[in-house]
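Quick mapping for you: the protein sequence lines, in order, are chains A, B and C.
Per my numbering, the very first residue in the first sequence carries number 1; after that it's consecutive.
Per my numbering, the very first residue in the second sequence carries number 1; after that it's consecutive.
Per my numbering, the very first residue in the third sequence carries number 1; after that it's consecutive.
Hint data in this document are derived by calculation from the structure and do not stem from the laboratory.
Note that the structure is a prediction, hence the values are computed from the model and not measured.
Errors might be hidden in some of the hints.
To be verified - Keeping only pairs whose Cα atoms sit at most 25 Å apart, straight-line, the calculated SDA-like set for lysine to any residue is:
| id | chain 1 | residue 1 | chain 2 | residue 2 |
| --- | --- | --- | --- | --- |
| 1 | A | Lys-55 | C | Phe-499 |
| 2 | C | Lys-543 | C | Ala-490 |
| 3 | A | Lys-7 | C | Gln-278 |
| 4 | B | Lys-95 | A | Arg-85 |
| 5 | A | Lys-55 | A | Arg-85 |
| 6 | C | Lys-299 | C | Pro-317 |
| 7 | C | Lys-185 | A | Gly-216 |
| 8 | C | Lys-513 | A | Arg-85 |
| 9 | C | Lys-512 | C | Glu-554 |
| 10 | A | Lys-22 | C | Met-555 |
| 11 | A | Lys-96 | C | Asp-394 |
Listed here are the chains, written in short residue letters.
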Amino acid sequence: MADITLKKIYVKVWRQNSAKEKGRFETYEVENISQGSSFLEMLDILNDKLIREGKDPIAFDHDCREGICGMCSLYINGRAHGPDRDITTCQLHMRKFNEGETITIEPWRAGAFPVIKDLIVDRTAFEKIQQAGGFVSVNTGGIPDGNAIPIGYDDAEEAMDAASCIGCGACVATCKNSSAMLFVAAKVSQLAKLPQGKVEAKRRARNMVTKMDELGFGGCTNTGACELECPKGISISHIARLNREYLVAKLAE
Amino acid sequence: MSKGSFLSASIGRKFLMSITGLFLVTFIIVHLTLNLFLIFDDSGDLFNLAAHFMATNPLIKIMEPVLAIGFGVHILWSIIITVQNMRARPVGYNKTSQSVNSTWASRNMFILGGLIFVFLGIHLYAFWWKMKFAGDPLLTHTTVMQGGVPVEMENAYNLVATMFKQSLFYSITHILGGVLLGLHITHGFWSAFQTIGLNNHLWRKRLFVLANIIGWIFAIGFSIIPLYFMIKF
Amino acid sequence: MSKIENKIPQGPIAEKWSKHKATIKVVSPANKRKLDIIVVGTGLAGASAAASLSELGYNVKAFCYQDSPRRAHSIAAQGGINAAKNYQNDNDSVFRLFYDTVKGGDYRAREANVYRLAEVSPNIIDQCVAQGVPFAREYGGTLSNRSFGGVLVSRTFYARGQTGQQLLLGAYSALNRQIAVGSVKMYTRQEMLDVVIKDGKARGIITRDMVTGEVQRHGAHAVVVATGGYGNVFFLSTNAMGCNGSAAWQCYKKGAWFGNPCFVQIHPTCIPVHGDQQSKLTLMSESLRNDGRVWVPKKKEDAVKLQKGEIGPNDIPEEDRDFYLERRYPSYGNLVPRDVASRAAKERCDAGYGVNNTGLAVYLDFKYSIERLGKNVIEARYGNLFQMYEKITDVDPYKEPMQIYPAIHYSMGGLWVDYNLMTNIPGLYAIGEANFSDHGANRLGASALMQGLADGYFVLPYTIGDYLANEIMTPKVDVNAPEFIEAEKAVTGRLEQLFNVKGTEPVDHFHKKLGHIMWDYVGMSRNEAGLKKAIEEMKALKKEFWANVRVPGEMNNLNPELEKAGRVADAIEMGILMAQDALDRKESCGGHFREESVTEDGEAKRDDDNFTYVSCWEYQGEDKDPVLNKEDLVFENIELTQRSYK
C-alpha cells in the first residue's frame, strides 16, 4: 500500500459566495498529496492552506465519507463523482490523477439544484419528490409477521438493486437534460417489486412523476449516462418499469 | 387528471415521441423495401409499378395524411421536449466528458433529427413534390405490364435514376440522409421501447442489438441506392 | 443514591414492560393535536420517533444538520439488525437475546431496558418489512438470517451490506409521509446549539440555520434528542464527518446527566490508517468475520518483512500463520465480541506482529472460505464491501487478505435516561445512540439498529405520553419568553466569540491534536497516569483553542468551519469528561480496558463489587469538576460472571 506522492497539482474550482452572487472559477495549487489520500482529503488540505492564508475555504458537501450517505457531490473533470466507476466522490482516490494535472471541479448543475455556496447545491427537490409518494402508507404497529407474505428471492433482489439509491443526485448532474428519472424510478421500482408497495403503486408513480415535472427536472431521453455514473450502478431498466407503472396508472384513470 | 395532463407530463410527451417514432420506422421499412426495387430492376418497371401502386391505392391515400401527422407530431414534440430539457439546466458545465458514459447519437437526437428534417425537405422537393404536384420533364410516361394488361404510368424510375446519375448534390445528400437516419434509429428504436415501458434488463440487450441492426440496414439501404447509380452509370 | 429515580417497574422481568404500558398515562387524540414535540436528529431513532409520534397525532418539528433526513449516519451500518424471531429454529428467544446483550455489554447495562429491547425486537422486523425494506430472502420467500459476533444463534436480518441504509430509508419514508400531510415540520441544514429550560422543564431548542446563519428559537412541550454518539472526539473514527456529541453536550451543560462517557466501542475491522492526511476511517462490516479468518504471522521476522513490503501475505505458509482469535477463543473463534477482537489485535500489533507499513494492521483472510464455498458465494455475500475495500486500498481482497485495524466506532455512553427514556430534566428525552441505556460497556454487532428503531417506533411513543398527559393544559410554548431570549443570546455570543478569536490555526488542527491525546491515553487501553496526563493536556488544549483558533468566512452565510469550531470546542470538554470517567472506573469492562485490572491470561477483569453502577456525571459549571452520581445496577435475572468466549 505504498503510494506515490503528487508533488504539485492544480485545482480549478467553482467559487460562488451565495445563491444570489455571481460565481467564477479560481485555480489553486496543491502540493504533496499522497495518491493514497481520498479526493476529499485533498480538498481538506487545500482548505487548510486557504484558511492559513486568510482566504475563505471551499465549501463542499460531504458526511459519511464511505460512499453511502449520498451527501457528497462534485462534478470532477467533466464527470459526476469523478473519473472512476461505481463510487461516490468521497471514495475517489488521488490514484486517479497525475502529477501536474489540472483538476476541474464544478457543482452539480441543474435548475432544480440551485447553488447554495461554492460546490454545495440545494437538493431539496429530491425531498419533495419522495414526500409526494415514496413510501408505503402504513403506520407504526399492528403489522403482520415479517414472514406472513413470502417474497421471491429474485423479486427481493431486484427491489434491493433499486433501493440501493443513495439520493446523491449524480443522475441529474450527469444527464444532459437534468432528468431525475433514475432517482424516481429507483423508488417506484423498489416498491413496485414488493407486495407491500404494490398496493398503492399507481398512486405513487403518478404523484412522484407529477412532482418531478413540477420541480423543473428535464425529461429522460434514454442516453443511459445516469446508469454509468450512478455510484450504485442502478439500472435504467428501472426507468422502463417506472414508465410502465406510470402509463398503467394513467390508463387506469 | 385529464388526458391533457398526460400529454403535458414528461413521460406522456415522450410516449408520443415513441409511438410516432415507431410508426415512422414501419413507414420507413416499407419505403426502403420499395425503393430497393430501384437497384434490383434496371428496366425500372418494378419500381414504377410500386410507385404507381402507392400513388393510387386508397389505403395508402388515407395513410398519407396520417404519416404527415406522424412526422408533424414527432418533429413538433421533439422541439417542445428539447426546449424543456434545455431549460432544466440554465447554467451549463465548463468541462464535460460525456463520451465516457453515453453514445454520441443518444445525446444528439435533436440535432440528428434536425438534419434529417433538412434532408427530408430536399428529398420531398426532389421527388414527392415533383411527382405529386409540380411535375418534371424527367417524369415521362411509360407503359408497364400489370397482370398481363399494359398500364400507362409516370416513369418515376427515370426521375430518380437520372437525378442520382446527374446530380452529385442529390446523391450525397441522400447518402448522408441515410446515414443520419441510421444513427437516429440506433438510439431511437430501443429508446422508444424503453419509454413505453416495454423493456427490462433482459430485453434491453436484445432491443439494443435490434436497434443497431435496423439502424445499419437503413443507413446502408438508403445510401446504397444513390451509390449504385453513381458507380454503375 | 436516593437522587436517582430510574422508574424501572416492579415485577418479573418478562412482565415489566407490559405492566408499565398498562399503567402509564395516555393522551387523548384531541389533546395530542395541541402538543408539540421537537425531535433533533433523523437517524433511525429520530426518524422513527418523529414519524411514529406524528402518526399518533402530535405536532412534530424534526431537525437535522444534513440536507436530508436520509443522510443521517445510521445509513452507514452495513451488517444487519438483530431480532429474537427464532426463524432459524436454533433456539433463539427474547431471553437469549436479552442475555447475550447483557453479557456482551459486560454486565453494565440495565436489565429492564435490555429485556424490553429484546421484547420489541421482532416487531421492528415486521414494521420494516411492511415499509418495503428489501431484506435478504431465501428462495422460498422467507427472511434470511446471518450470525454476528458474540452470539451462538443466527438472528441478524440484513439487506445486502446496506442494512442501515435500508432501515433508515424505511423510517425516512414514514417520516416523508408525515411531512407530506403536514404533521411533521422538517428543518434540514439546521443545527441544535442549545436546549431551553423553563421552570425546570425542557421547552425548546436554539438552532442555527446552516445556510443563512440565522439563529432561531423553537418551542415545544417536549424535546427529544436523537443526535447519535460522540465518537468524533477521537478525530479519526468511523463516524461521519458531521457526527458530533454537541447537542447532548448542551443538554449536559443545562443539567442533564451524562451516563458512562468512557464507554466507547472500538470496532475491530476497519481499514487501517494510511497516513497523516487521513480524515476518516472506513469500517468493514463485522459480518465479514463470519467467513474471514483473522491472522498475523507467527514469526516476528515475517512481520518485519511484511512491514517493509519485501514479501506479501500470500508468501507466508500456512503453518507460519497465527490465527490468534481461534487460538485464544476456540469456542467463538473469529466471532468474539468487538471489544475482545479489538484488544487481541492491539495485543499482537503491540507485540510486533502487526503488518502494513505502520505495523498497525492484521489480516482478515477470505482464502479459506473462497476455497470452501467458491468465489461466487463470497461475492454474493460481501461483493460491495470487497469493492469498497479495493477502491480505497487498491488491493483486491479476493486475491490478497484484507488489512484491518480497530477504530472508534460507537459510543455506548450518552445522556442518562430513565426507563421512559427521559433524562433527569423533565420533558427532555434521549433515544438511540445518544442515550446510555442498552449496551452497557460494549455493544454487540447489529444491535445499534435494533435499539434505535426500538426506541423510536415502540418505546418512546408510549412513554412520552406519560409525561405529556400532564402537559395538556400548557399552552403553545412562547419563544419570546426570557429563557428563550437569553439562550439565544448565549448561543450568538458563543458564535461571535469563536469568530473573534482570529487566531492562526484552523479548527482541524485542534481536532487532530485532541484525537491524538484521546487515542493514545483514552483509547483501547487506559491507565491512571495516562488518563491524568490526558486530562491535563486537554485542559491546555482547550485554552489554546480559545486563544488561537481561526474561523474564516462569514457569520451569516454557510460556514462549515464555524460549525466545526463549535463542535470541536465541545469535543475537547467531552474528552476531558471521558477521561475523568475512565479514571474513576478502575475496573476493566467491555470497551473500557484499564491496564491495572487484568486477569492472569491478560483478559479484561471486571470488578463487580465496586463498579456495578452507571456513572451519571452532573455538570457544575465551566472548568469546574463535575459531580459523579451513581445508579446501582441490579441484576435479578442474570448471574454476573467473568465474561468468557474461550
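Results for each hint:
Restraint check: the Cα-Cα separation between Lys-55 of chain A and Phe-499 of chain C comes to about 14 Å, which is no more than 25 Å; the hinted pair holds. Restraint check for Lys-543 of chain C and Ala-490 of chain C: the C-alpha separation of about 20 Å stays at or below 25 Å, so the hint holds. For the hint pairing Lys-7 of chain A with Gln-278 of chain C, the CA-to-CA distance comes to about 17 Å; that is within 25 Å, so the pair holds. This hinted pair checks out: Lys-95 of chain B and Arg-85 of chain A have alpha carbons roughly 18 Å apart, not beyond 25 Å.
Among the hinted pairs, Lys-55 of chain A with Arg-85 of chain A is inconsistent with the structure: their alpha-carbon atoms are about 34 Å apart, more than 25 Å. A C-alpha spacing of about 11 Å is found between Lys-299 of chain C and Pro-317 of chain C, which places the hinted pair at or below 25 Å, so the restraint holds. For a cut-off of 25 Å, the pair hint linking Lys-185 of chain C to Gly-216 of chain A stands: about 24 Å separates their Cα positions. Distance hint between Lys-513 of chain C and Arg-85 of chain A is unfulfilled; the C-alpha atoms sit about 35 Å from each other, more than 25 Å.
At roughly 24 Å between alpha-carbon atoms, Lys-512 of chain C and Glu-554 of chain C fall within 25 Å of each other, so this suggested pair holds. For the hint linking Lys-22 of chain A to Met-555 of chain C, the alpha-carbon distance of about 20 Å falls within 25 Å, and the restraint holds. Distance check on the hinted pair: Lys-96 of chain A and Asp-394 of chain C sit about 11 Å apart at the alpha-carbon level, within 25 Å; holds.
Checked against the numbered hints above, the structure breaks hints 5 and 8 and satisfies the rest.
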